[in-house]
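Undergrad: Please build the complete structure, drawing on both the sequences and the hints.
The lines below spell out each chain.
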Amino acid sequence: MRTAPIVATGLVRRFGDVVAVDGVDLRIEDGEIFGFLGPNGAGKSTTVRMLTTLLIPTAGQASVAGYDVVRQADEVRRRIGVALQDAAIDPLMTGRELLALQAVMYGLPRREHRRRGDELLERVGLTAAADRRVGTYSGGMRRRLDLALSLIHRPTVLFLDEPTTGLDPMSRITLWDEVRSLNREGTTVLLTTQYLEEADQLADRVAIIDHGRIVRQGEPRELKAQVGAPTLWIDVDAAQSVAATEALARFGELRPAAEGRVGVGLGAGASGVAEVIRALDERGVGVRHLELHEPSLDDVFAEATGYHLEGA
Amino acid sequence: MIRETLAFARRSLIGRLRQPESLAPSFVFPLFFAALGVSSFGKAATRLPGFPADSYLAFSAAGAVIQGVLFGATAAASDLATDIEGGFWERMVASPVTRSSIVVGRLASSFVVGAVQAAVFLAVFMAFGVRVHGGIGGFVGVVVGGGLIGLAVAGLFAGFAIRSGSSEAVQGAFPLVFVLLFLSSAFFPRQYMSGWYRHVADVNPTSHVVEGLRQFVTRPLGTQQFATAWGIPAGVAVVSIGFALRSLHRRLAAP
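Protein chains in written order, with the numbering used here: chain A, 1 to 312; chain B, 1 to 255.
What the hints contain is simulated information worked out from the structure, not anything from laboratory work. For every residue, glycine included, the Cβ atom is placed at its ideal position computed from N, Cα and C. Accuracy of the hints is not assured; some may be wrong.
Here are a few chain A residues that face chain B, going by a calculated C-beta distance under 10 Å [claimed, not checked]: (1) T53; (2) M105; (3) Y106.
TA: Structure, rendered in structure tokens:
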């Protein structure tokens, strides 16, 4: 059986008395985008730094691309792309010069440097800025260059540590598109984020980490379903509230609501909406407005940790 | 490893050239001190019996070279610390690059910067009438000596940079080296010193290096000059590069 690209078992990292990562187990399959979700200081970056050979685990084991991150660190480094938090890029060099340096660092043959550099600059939309010093780049341009740098040697596993933190919405969407496109080409991606929307948009599976421990792991839809059924909120005439409530009772648990509004947790999921409308229609209840509220990853987060990530 | 070292050296040189403000002190201060010395002691110095040069300007050339190289080498080590502080270090160590090339590349650039600085200083002094008695060999002697001094000092400071990971700590240690320079024969011949100052200058290796460099300018070429102006910094460089590489391995072994 082929080893999964990223496997961690009981990964622990202590800094003195502080336990930053406390027994993380992960298995990320080939071709997945895996979202590692948590607030600042939860242990996301420390885990990534262990998986990318930058930190030695205090306990536990991990393999990346089939190689042990401690004993075969160089083999791991040859196969992974790493874009760490804050896009540490030399501001005095140009984008093209940095790509050439990165090509040397990853042992690309000299004749390939220029071609691969140009290819990546075009891919991330930086061809026009290639010969400008990085110090003149915007935050989004730096992130895109950082991504290009991490791809120079065509890695099979890509680590993106908070790739969109501090970016404007447009830059964020551009980067998401690029991550999706890389993934379609077969790259396995582990990305850490504190943005729920990012994890929801990109990740096939997510792990929620809090105080160094993984508290939930699975597909976003599956995790949200575990939190509870989606709630359908319907605005009706105040005089029809009772009739509406009676009609909804058989579809699931009723939610407390103000007069003129009824809510029900749809046991059958979102597919039950049409039947609810028909039931209301049969009883002659007019619908003024309706909205379906699906549980969010923040609800999952709150259920797992006792507090909300958004605004944390 | 050679390709990687050259690539890192190139990056370091690009960084130096694109920060002219960081290079400026290494040219301005030594020339300022030399001009100050000439205007203060220029006439008196050459009347002293046994003064070891045709003029105070010729005498001060070696001291100016060392001062400039000290500034430049510290800046290179400070850049290394900035890499650690700013995260570029992690980019390098997350790659499969040979670890020692990261440091050796930076130090190689210090050799180049030191040699170029020495050549520029000597050219400026020659423009003001200094004659290099060692001829082309003497000129090359000063230039290579400048490079070796740059290498030796950068190795020492690179070790501090890697251990501390702080550019401020590196810059904070710089005055210590400058004190060594002032307690040497860089600005005044040893034979006119007395007391503890003379004793310190006698045992201070900087005195012997500066005198070796000076003799390339003030005397015909001889083996003694190479032994002191090249031999001492080369020996120190072996030790300081060892210190820097040891610091590197220590840092990498306990991340």
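Undergrad: Run every hint past the structure and note whether it holds.
TA: Status of each hint after checking the structure:
1. With 10 Å as the threshold, the beta carbon of T53 (chain A) comes within range of chain B, its nearest partner Cβ sitting at about 7 Å, so the hint holds.
2. At a threshold of 10 Å, the smallest CB-CB gap from M105 (chain A) to chain B is about 4 Å, leaving the interface hint in force.
3. This hint holds: Y106 (chain A) has a C-beta 6 Å from the nearest C-beta of chain B, less than the 10 Å allowed.
This entry satisfies every hint, going by the numbered hints stated previously.
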